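Please put together the full structure from these sequences, using the hints given.
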Amino acid sequence: MADTSNAAPVRDLEFAGEMAALCPETPIAVAVSGGADSMALLLLTSTWMKAGAQQSGLCALTVDHGLRDGSAAEAQQVADWCQSIGVTHRILHWHGAKPSSDIQAQARRARYSLMSDYCRQHGVRSLLLGHQYEDQAETFLLRLGRGSGVDGLAAMAPSLEWNGVRFLRPLLAYSRQRLQATLLALGQPWIEDPSNQNPRFARVRARGVLTVLEDAGISAARIVGTAHRMRRVRAALEQATAQLMKEAVQWDQAGFAELRLAALFIAPEEIGLRALARILTIVGGQEYPPRLLRLERLFAWLRQNPFTGGRTLSGCRIIPRKDRILIVREPAAIGPEITLSAGEAAVWDNRFFVRLIQYASVRESKVFTVQPVGVYGLSQMRGARPGNLPPRIVSQSVPGLWRGGKLLAAPLLGFTDPASVAAAAFEVRFSPRHALLPDNLCSK
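Count along the sequence shown starting at 1, add 693, and that's the number in our numbering.
It is worth saying that the hints were derived from the structure and are not from the lab. Computed from a predicted model, the values in this text were never measured in an experiment. Treat the hints with caution; some may be incorrect.
Simulated pairs of lysine to aspartate or glutamate, EDC-like, Cα-Cα distance not exceeding 20 angstroms [said to hold, decoys possible]:
| hint | residue 1 | residue 2 |
| --- | --- | --- |
| 1 | 939 | 963 |
| 2 | 791 | 886 |
| 3 | 1059 | 1016 |
| 4 | 791 | 773 |
Okay, here's the thing in structure tokens:
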């Protein structure tokens, strides 16, 4: 527990100001592990919503990673606390094999994926995260150690779009001491995670370095201030990148992009690299952009104005077309098939929202699969194919609704099997996890 003797609790009016700056949309979900930061966030948010007569639009989400004994009991403890203050609570479970290395990073990805999936399925657009002041300083140090540039040293953004959900961090201005003081003032206990003291984890080691730096006169306040200034620089770069993408990139609902090379190379190289990285990240359904060295090699190849051949990067194929290039999904890199029943929705290949609308004429027990149309699917379409189709490699890579070995629908190709009721109820929408245009607040 931090020393809270001189720390003032966070006032409701202060927190309301942070929320006003972030403009969350209701309903709202709060990520709650049971630790002091997330419990303070939950109580502050609950009070803020009650003040606006919106308590019914609040839900707390706890992920049970199953990584250590007692995690299920801790999740249930959070559920009990939520019940005591009248907040809806859900426990999400990370199933399957657990990693033996890079545990915290993989657990974080799983946690964000589970929570964003829940939010999308339940119409929740805003998910609040409990990162606070010291977390921001620790993130800066971790990224400095990895040799990050401007983007990484901007540390954590107050707002970012991830998997179609806005992740919001309203506590970045508040110290660990103030958040614990808030809980003490409210008489609310919290859970101490033993992994927060385990030097095996890089963030715990960064916390120790932060203490040493404080003694040397390099305070958390100065580190966070530097991160804030880096964020301003990044915002300017992102604005220029957004302008370039508006001028040079044409997106297609089938999930590919056309990029005009002349506009790319007129721009400063840093802006061109950023635009190229963003397109690759979106088309490839990636969580993070490609590594800079590989991106620079691709950029250098494009400068040669190639007319033939191609390259692959970040799950994409880059195909020259006269004065432009096509950036399309690499078929071999497409994610696994998913199953859908009537009334279900999901995200396929991290790029497309798919939904099988409820219909009465097909039994609930029927299960369909979503997988690429592929060469086999195109051959099944035969004469039913309309004339205005995307390039063949794109047509192969868009989602199709399958039953066994039969393609029932490929809405992005204008194909519907007239003999299938389910085909007419299959909805597809290009919905990448990152916005098509850069967001000045977006951070990864």
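Comparing the hints with the structure gives:
Proposed proximity of residue 939 and residue 963 is supported: the alpha carbons are some 17 angstroms apart, at most 20 angstroms. Restraint check for residue 791 and residue 886: the C-alpha separation of about 18 angstroms stays at or below 20 angstroms, so the hint holds. A hinted pair counts as satisfied when its Cα atoms are at most 20 angstroms apart, and residue 1059 with residue 1016 does not qualify at roughly 48 angstroms. At most 20 angstroms may separate the alpha-carbon atoms for a hinted pair to count; residue 791 and residue 773 exceed this at roughly 27 angstroms.
Hint compliance for this structure: hints 3, 4 are not met, and every other hint is.
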